[in-house]
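Quick note on numbering: the sequence shown equals residues 1 to 131 in the working numbering.
Since the hints were made in silico from the structure, they are not lab data. Heads up, some of the hints might be wrong.
[What the hints assert, rightly or not] The following label-pair restraints were derived from C-beta to C-beta distances: (1) GLU39 x LEU70: 15 to 25 Å; (2) VAL37 x ASP63: 14 to 24 Å; (3) ALA120 x ASP92: 31 to 41 Å.
The beta-carbon is built from N, C-alpha and C at its ideal position, and this holds for glycine as well.
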Amino acid sequence: MSVISRVLYGSLHIKSYDLIKDSAAPRDKKLRARLRVDEVITAPYTTELLPDYGNLHEIVGDDEIGCAFLDIITPPYDSNVGRDCTYFRVVDSQDSNDNSEKIVMLESYSPLDFDVITEAYYGPHLQRYVS
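Let's have the full structure, built from the sequences with the hints guiding it.
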């Protein structure tokens, strides 16, 4: 799954993580991940999350005035084919042995106060770009 995000208004703090490959486990278990991005971005700004880079992410409005952003997700979430939206939170963190990166432990949870509005895309056919 890939995500293109456009910050439309205000600014936000984004952290993105990569799962560490040896940490594959059932969803109810804790997973190890590597922090890739930890920055504040301000509108107008466009960023991307790729299937193998930074796909786990945390977005927090950073301004007192709030923020607005638009996500384009392809392929879209679809629980019927195993593309569920799963929520994680950081439960522990540590620096790597050589202090070059931050390693975190994530656990899944179900937020009670978060809404996603999904709309069908009727524009031109999107093709996957492979470099």
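- Query: What are the numbers of the hints the structure violates, in ascending order?
  - Reply: Per hint list: zero violations.
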